[in-house]
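Q: Chain by chain, the residues:
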Amino acid sequence: MEGPAIEAEGLVRVFKKTRAVDGIDLSVETGEIYGFLGPNGAGKSTTVHMLTTLLPPTAGTARVAGYDVVRQGPQVRSSIGAALQEAALDPLLTGREHLRLQASLQGLPHETRRQRADELLHRVGLSEAGDRKVKTYSGGMKRRLDLALALVHSPRILFLDEPTTGLDIQSRTALWDEVARLARDDGVTVFLTTQYLEEADVLAGRVGIIDHGHIVAEGTPEELKASVGRPTVEVVPTDPDEHERAAAIIARFGEPCGSEHGVAVRLRSSEADLAGIVRALDAENLKVEQLQLHQPSLDDVFLAKTGRSLEGAGEEEEEQSGDLAMEPV
Amino acid sequence: MLARRSVVRTLRQPAAVIAPLVFPMLLLAVNSGGLKSETQLPGFPTSSFFAFALAVPFIQGALFSTMNAGTDLARDIQTGFLNRLTLTPMRRLAVLGGQLGGVVTLGLLQAVVYLTVGLAVGVHFASGPLGVLVLGVFTLVISLAFGALGTLAALRTGSGEAVQGLFPAFFVFLFISSMNIPRNLIQITWFRDAATLNPVSYLIECVRSLIITGWDAEALALGFGIAAAIAVVGLALSSQALKVRMAR
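First to last, the sequence lines map onto chains A and B. Residue numbers for the first sequence follow the working numbering, so the first one is 1 and each next one is one higher. Residue numbers for the second sequence follow the working numbering, so the first one is 1 and each next one is one higher.
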């Protein structure tokens, strides 16, 4: 396969009056883990649905494994595996039955299906539960089976749509380990959507941050955090009417920046300025309810680019958009 | 494999298997007891009301096919399993056919049970062993036909609840038919006209003719023709609805 594993240019998807994806350009190299980070309703799943041919784009183009997602759908589908937001499982079938069905549907030879099912059950740690019906599985087990199903036909490109949402920390870590191994040892290209900062930070070689259907920032986690720069100090005065006075005091120590609950500055030098800020606030007799030092995080990147934090942005999107029906326009 | 999955999951849902077997038999027993004096009406085609009414469970069972096929597919849509099938090389019609495999199998199982009960009670099958085979084929066609209607409802609504909401509507079609009395003996004009226009009447009469008449070419032609037409239209519309769902 020549060229990027995944590329999109001006990708748009409109649902009735909602532009869920509003002009996305991206390029993912072979063997890369690309993290697509954004709040609920940002357009992550819609983008994945278009790249996996489940939804036709309203405008723009996309190529996956070198094939056009609109004109060469069957070729795209044979090159990819996908574990989507809902673990799409039949509660009445066992894990092993799922894998053998998937192997059959993907065209694997009859004699290899059983072996492949056994191999994948072992790989995701479900060998003992393989002959139990899926309705008896925990959330983490369902997610692992979902990942196994996506790998049945050994795809070169894997789409994972919020794979660890709702999982406990142990299950999440186990899934991260397997995803990292797939990319490292098997050279699989992984396109991972997530609303968890830590997941993008730990797993992704490069991160694209999406908000309101646009990519607002893109780069390695280190590049993105460095772009926000130095640590910030956030001050929340006890008296809400003291915001302006607090802002004036701390402005002596750095550049003012966005803050959801109080006032904040990006420090000129380092955390050493924190003591100076405390002394200055104390000297002005300004009572403080909260004072926090923030090292740059991907949430700070999101905040710098959009004026909102990732968590708050998710709740706001849910209120504004309600149920976004995945119906064709 | 998809058809096998459909069969397996149908058989693993006791309610989906028992209700289509038990409910029609209960209704048959109740009606046979309560309406047996109908056989005294001049022109009634048989002296056994049980033989007359035995045709109804075959059609009633087909209605359950509608519900089973529809709710199963709606569940696949809601859980995202249909998306999983979309991401495989499977063709649309194969996906549809696979979904209907379990429904058709259950339909044949139902037919065997109804026939066994009928023979055990002493019903004489006028068309003989060949008629039983024809009845098996007819059962297959109507299971497919009504199953296709269920899948169409599921694909258009994406909701199991919406599919189940159709059940009362289908039952109206069953009751306003020649279910309990031959059309030519219905005295109420509007009811007779409605039953004459109702395609379900001809499905019932097709089965009934094999049981109590023997070989009635007109009844067989109408029954098979209407069942086939419902199947073809249902499958065509379902295929189109599936195309929209799968966005191919």
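Certain hints may be false.
[Claimed, not checked] Here are the in silico distance ranges between beta carbons for each label pair: (1) A:Gly139 <-> B:Gln13: 36 to 44 Å; (2) A:Gln75 <-> B:Val232: 46 to 54 Å; (3) A:Gly107 <-> B:Gln13: 23 to 31 Å; (4) A:Gly139 <-> B:Ala3: 52 to 60 Å; (5) B:Gln13 <-> A:Gln72: 46 to 54 Å; (6) A:Pro74 <-> B:Ala236: 18 to 26 Å.
Keep in mind that the hints were calculated from the coordinates and are not lab data. The structure displayed is predicted, hence computed values, not measured ones. We treat Cβ as the ideally placed atom computed from N, Cα and C, and that holds for glycine.
Q: Evaluate each hint against the coordinates.
A: Hint-by-hint comparison with the structure:
{"no.": "1", "hint": "A:Gly139 <-> B:Gln13: 36 to 44 Å", "verdict": "violated, 23 Å"}
{"no.": "2", "hint": "A:Gln75 <-> B:Val232: 46 to 54 Å", "verdict": "violated, 32 Å"}
{"no.": "3", "hint": "A:Gly107 <-> B:Gln13: 23 to 31 Å", "verdict": "holds, 29 Å"}
{"no.": "4", "hint": "A:Gly139 <-> B:Ala3: 52 to 60 Å", "verdict": "violated, 30 Å"}
{"no.": "5", "hint": "B:Gln13 <-> A:Gln72: 46 to 54 Å", "verdict": "violated, 39 Å"}
{"no.": "6", "hint": "A:Pro74 <-> B:Ala236: 18 to 26 Å", "verdict": "holds, 23 Å"}
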